[in-house]
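As given, the protein sequences belong to chains S and A, one line each in that order. Each step along the first sequence adds one to the number in my numbering, with nothing skipped, and position 69 is 69. Count along the second sequence from 1, then add 312; that gives the number in my numbering.
Watch out, some of these pointers could steer you wrong.
[Said to hold, decoys possible] Some chain A residues flagged as far from chain S (calculated, every beta-carbon gap over 12 Å):
#, residue
1, G320
2, P416
3, C593
[Unchecked claim] For the chain A half of the interface with chain S, some residues (derived, Cβ under 7 Å), not all of them:
#, residue
4, I332
5, R333
6, L388
7, A594
8, R598
Keep in mind the hints are simulated off the structure, nothing from the lab. By construction, the Cβ of each residue, glycine as well, lies at the ideal position given by its N, Cα and C atoms.
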Amino acid sequence: MAKKREVDISVDFAGRRLANPVFTASGTCGYGDELADFMDVNRLGGFITKSITLQPRKGNPAPRIVETDAGMLNAIGLANVGLERFVAEKLPVIARMSVPVFVNVAGERIDDYVAVVERLASEKAIAGFELNISCPNVAKGGISFGRDPEQVKEITSAVRKAAGDRILSVKLAPAVTDISVIARAAVEAGANALSLINTFTAMVIDIETRRPVLANRTGGLSGPAVKPIAVYLVNKVYNEVAKKAGIPILGLGGIRTASDAIEFLIAGASAVAVGTASFIQPDSAVRIIDGIEAYCVRHNVARLADLVGSLA
Amino acid sequence: MVNNKSKGVFTATVTSNRRIRECFWTIDLEFTGAGAAAFAEFQPGQFVQVDVSHLGLPAEDLIAPDLRDASRRNILLRRPFSFADVTAGPDRTTAELLYCVLGPASVRLTTLSRGDSLSFLGPLGNGFSVPPGKRLALLVVGGMGAPPIRCLAKLLKAEYPGTNVIAFIGAKTAQALPFEGQFEEMPERVDSFVPALARLGIPSAVATDDGSAGYRGFVTERLAQWLDEQRNWSAEGTVIYACGPEPMLAATAKLAAQRNIDCQVSMERRMACGIGVCQSCAVECRVEGSNETVYKLCCQDGPVFDSRTVVFDPPIQVVEEVGLARAIKEGLASPTVDEARILEALEHGEEERS
Ligand SMILES: Cc1cc2nc3c(=O)[nH]c(=O)nc-3n(C[C@H](O)[C@H](O)[C@H](O)COP(=O)(O)OP(=O)(O)OC[C@H]3O[C@@H](n4cnc5c(N)ncnc54)[C@H](O)[C@@H]3O)c2cc1C
Ligand SMILES: Cc1cc2nc3c(=O)[nH]c(=O)nc-3n(C[C@H](O)[C@H](O)[C@H](O)COP(=O)(O)O)c2cc1C
Ligand code: FES
Numbered sequence: 001m002a003k004k005r006e007v008d009i010s011v012d013f014a015g016r017r018l019a020n021p022v023f024t025a026s027g028t029c030g031y032g033d034e035l036a037d038f039m040d041v042n043r044l045g046g047f048i049t050k051s052i053t054l055q056p057r058k059g060n061p062a063p064r065i066v067e068t069d070a071g072m073l074n075a076i077g078l079a080n081v082g083l084e085r086f087v088a089e090k091l092p093v094i095a096r097m098s099v100p101v102f103v104n105v106a107g108e109r110i111d112d113y114v115a116v117v118e119r120l121a122s123e124k125a126i127a128g129f130e131l132n133i134s135c136p137n138v139a140k141g142g143i144s145f146g147r148d149p150e151q152v153k154e155i156t157s158a159v160r161k162a163a164g165d166r167i168l169s170v171k172l173a174p175a176v177t178d179i180s181v182i183a184r185a186a187v188e189a190g191a192n193a194l195s196l197i198n199t200f201t202a203m204v205i206d207i208e209t210r211r212p213v214l215a216n217r218t219g220g221l222s223g224p225a226v227k228p229i230a231v232y233l234v235n236k237v238y239n240e241v242a243k244k245a246g247i248p249i250l251g252l253g254g255i256r257t258a259s260d261a262i263e264f265l266i267a268g269a270s271a272v273a274v275g276t277a278s279f280i281q282p283d284s285a286v287r288i289i290d291g292i293e294a295y296c297v298r299h300n301v302a303r304l305a306d307l308v309g310s311l312a
Numbered sequence: 313m314v315n316n317k318s319k320g321v322f323t324a325t326v327t328s329n330r331r332i333r334e335c336f337w338t339i340d341l342e343f344t345g346a347g348a349a350a351f352a353e354f355q356p357g358q359f360v361q362v363d364v365s366h367l368g369l370p371a372e373d374l375i376a377p378d379l380r381d382a383s384r385r386n387i388l389l390r391r392p393f394s395f396a397d398v399t400a401g402p403d404r405t406t407a408e409l410l411y412c413v414l415g416p417a418s419v420r421l422t423t424l425s426r427g428d429s430l431s432f433l434g435p436l437g438n439g440f441s442v443p444p445g446k447r448l449a450l451l452v453v454g455g456m457g458a459p460p461i462r463c464l465a466k467l468l469k470a471e472y473p474g475t476n477v478i479a480f481i482g483a484k485t486a487q488a489l490p491f492e493g494q495f496e497e498m499p500e501r502v503d504s505f506v507p508a509l510a511r512l513g514i515p516s517a518v519a520t521d522d523g524s525a526g527y528r529g530f531v532t533e534r535l536a537q538w539l540d541e542q543r544n545w546s547a548e549g550t551v552i553y554a555c556g557p558e559p560m561l562a563a564t565a566k567l568a569a570q571r572n573i574d575c576q577v578s579m580e581r582r583m584a585c586g587i588g589v590c591q592s593c594a595v596e597c598r599v600e601g602s603n604e605t606v607y608k609l610c611c612q613d614g615p616v617f618d619s620r621t622v623v624f625d626p627p628i629q630v631v632e633e634v635g636l637a638r639a640i641k642e643g644l645a646s647p648t649v650d651e652a653r654i655l656e657a658l659e660h661g662e663e664e665r666s
């Protein structure tokens with residue numbers, strides 16, 4: 001009987017060794033163990049929380065989502081419990097998880113981001129931060145930071161100082177003139193990873209009422225529809241910024257299967273995150289881990305790192 | 313309210329799928345193994361998320377003309393459905409999914425036949441609860457709100473034999489009643505009219521917007537009329553359970569509040585995950601002892617809520633002031649499943665009334 005070949009699907013992510021390259025995406029898997037009924041969360045390569053803001057946020061009125069062909073729009077409006085309740089209620093849960101946890105941070109002003117990161121940077125349970133400067137669904141802050149390289153620099157370096165020795169990934173908006181300019185600004189200001197992509201601002205109209213379906217009028221497009229664009233943007237940033245700088249990319253946008261994830265790895269992502277797909281199949285992320293391993297066995301990839309950026 | 317911990321993704325086998333009338337269909341399902349055990353614990357008012365993304369469309373001539381455009385959309389997300397009936401056996405649990413064909417997912421459900429399998433995420437959310445000391449349970453149904461109420465009716469009869477149960481059922485027309493039976497020309501009185509409920513010994517009164525069956529007008533008007541007629545009736549001993557379009561729930565909640573009756577409403581929201589992680593299913597709720605409101609999650613904190621806590625959309629005052637048809641037309645009311653139908657019925661009704 002043939003012996004099962006050993007493959008190493010662990011990855012180095014900004015100096016941290018991860019058991020595998022698969023994360024859950026912010027806003028799609030709660031704050032910690034919410035999906036524990038459906039999968040062993042500790043099998044993940046990494047876990048990213050819903051965006052946390054300094055103050056609690058109620059979020060937008062309903063309808064907050066609408067399905068589109070091969071995707072969905074969401075306009076949740078960063079509804080979250082706020083820093084204080086996150087520390088009191090969610091942090092203890094995170095402390096019991098063995099997977100590296102990254103806290104996604106959002107805000108209206110730079111000081112808000114800094115305050116959240118300062119409070120959490122000394123927590124042993126937290127491996128790092130993901131800076132959300134790309135949320136399309138809030139009136140202030142959010143995406144407006146992520147479009148201007150000067151502001152990206154300013155916010156990244158302020159948060160970098162507050163983050164101490166923790167990993168800091170900056171999550172980029174896809175709909176900008178040149179994403180490499182923004183990526184470079186983040187890297188120069190001290191980001192040690194880049195997450196791309198966040199959602200695309202989009203709209204669905206009810207033609208009977210001639211009104212937008214979402215109460216917020218617009219929402220962020222996610223799901224399989226965005227995947228080819230996300231793969232392209234990951235490859236572009238890998239070639240133009242990340243490879244030279246030695247900065248890992250966390251690739252996401254429309255990943256449903258291991259094959260989708262492998263496309264991102266070949267394009268240049270060191271790790272991937274699963275978002276919308278978890279709504280349909282809550283254990284998508286662990287299925288993808290198994291699928292990546294099987295692919296490596298099938299294609300004689302001894303170390304996953306050999307796959308990263310291997311696009312011909 | 314009851315929360316079930318043993319939720320998961322389970323496959324069920326379709327044992328039948330048939331049309332009741334107009335846009336209403338019903339699927340019988342069978343769960344075995346772990347699914348049978350999980351759904352044996354299903355509480356009326358809980359729901360499931362069904363995956364229909366693998367199903368194709370029926371032939372075009374089998375799709376209602378007004379749904380042909382809409383049904384072209386590919387399915388990504390699961391869809392929330394209640395069960396109208398659940399029967400637990402020793403090694404299998406059967407369930408009935410009663411559905412209205414109104415969009416791409418429900419159109420695809422019509423293609424299922426015996427032996428097909430379907431993936432369900434569930435049981436989800438909190439079902440109805442039965443407070444102690446209730447001698448009278450009033451069930452209020454609007455259109456497609458029938459499934460969870462039917463499921464509850466069975467539980468009440470089986471486990472609360474001392475409670476008197478009466479159903480009030482509203483729809484646009486006799487044809488739009490999501491029950492099997494012959495309803496045209498049905499009288500207004502409370503009687504054993506609806507076979508699915510009559511079998512359980514539950515009498516019902518029907519209200520239709522056009523008067524084609526039962527009382528002509530809203531089901532809440534019929535309920536108010538009935539309550540006014542009762543002697544020796546105690547508000548404390550009564551509980552109202554309601555499921556239907558949001559304006560109907562708002563009207564029911566108002567009636568319950570005015571008369572000090574406990575009332576539980578089953579709410580609907582567009583859902584992505586159904587398990588509390590995406591925050592898409594916000595229901596605005598009052599915070600006790602303050603003017604503030606918070607958004608609760610329909611899938612996790614509901615779908616059944618105490619009617620006093622919910623801030624309905626549209627606020628009932630708006631509906632009363634401007635009329636439902638205008639409230640919807642002017643965007644004061646946001647879409648509900650039956651919106652187009654209510655609107656149509658109301659426009660029709662309002663013209664006739666004025
Ligand atoms: C907890 C819960 C239980 C439900 N139980 C049942 C049931 O037992 N039987 C049944 O027939 N239906 C039920 N529904 C409604 C059902 O989920 C929708 O009818 C279904 O998702 C429609 O999918 P579709 O793709 O066919 O149409 P879509 O194109 O998705 O929807 C058609 C129309 O319905 C509206 N709509 C869709 N979903 C919702 C929603 N969740 N809330 C308000 N409006 C919506 C849309 O705006 C559109 O106008 C339930 C919904 C919830 C939230
Ligand atoms: C319902 C929903 C909520 C989201 N919330 C957040 C959030 O709070 N912070 C954030 O940075 N991204 C958020 N996102 C974006 C995702 O993390 C991800 O970048 C995007 O959805 C693309 O990946 P996907 O196609 O796999 O979902 C959210 C996405 C969805 C669908
Ligand atoms: S549907 Fe996702 S939180 Fe309710």
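Hint check: is the beta carbon of A/L388 less than 7 Å from a beta carbon of chain S? 6 Å, holds
Taking the closest Cβ pair, is A/A594 under 7 Å from chain S? Holds, about 5 Å.
For the hint on A/I332, just tell me whether its beta-carbon gets within less than 7 Å of chain S. It is violated, given that the least Cβ distance between A/I332 and chain S is near 26 Å, above 7 Å.
Against chain S, does A/G320 hold up as non-interface, every C-beta pair farther apart than 12 Å? It is violated; A/G320 is separated from chain S by about 7 Å at its closest Cβ, not greater than 12 Å.
Taking the closest Cβ pair, is A/R598 under 7 Å from chain S? 13 Å, violated
Over 12 Å from every CB of chain S: does A/P416 meet that, or does the non-interface label fail? Violated, because the least Cβ-Cβ distance between A/P416 and chain S comes to about 8 Å, which does not exceed 12 Å.
When the nearest CB of chain S is found for A/R333, is that gap smaller than 7 Å? At about 25 Å, which exceeds the 7 Å cut-off, the nearest Cβ of chain S leaves the hint on A/R333 violated.
Is the Cβ of A/C593 more than 12 Å away from each Cβ in chain S? Non-interface label on A/C593 violated, nearest chain S Cβ at 7 Å vs cutoff 12 Å.
This entry does not satisfy hints 1, 2, 3, 4, 5 and 8, going by the numbered hints stated previously.
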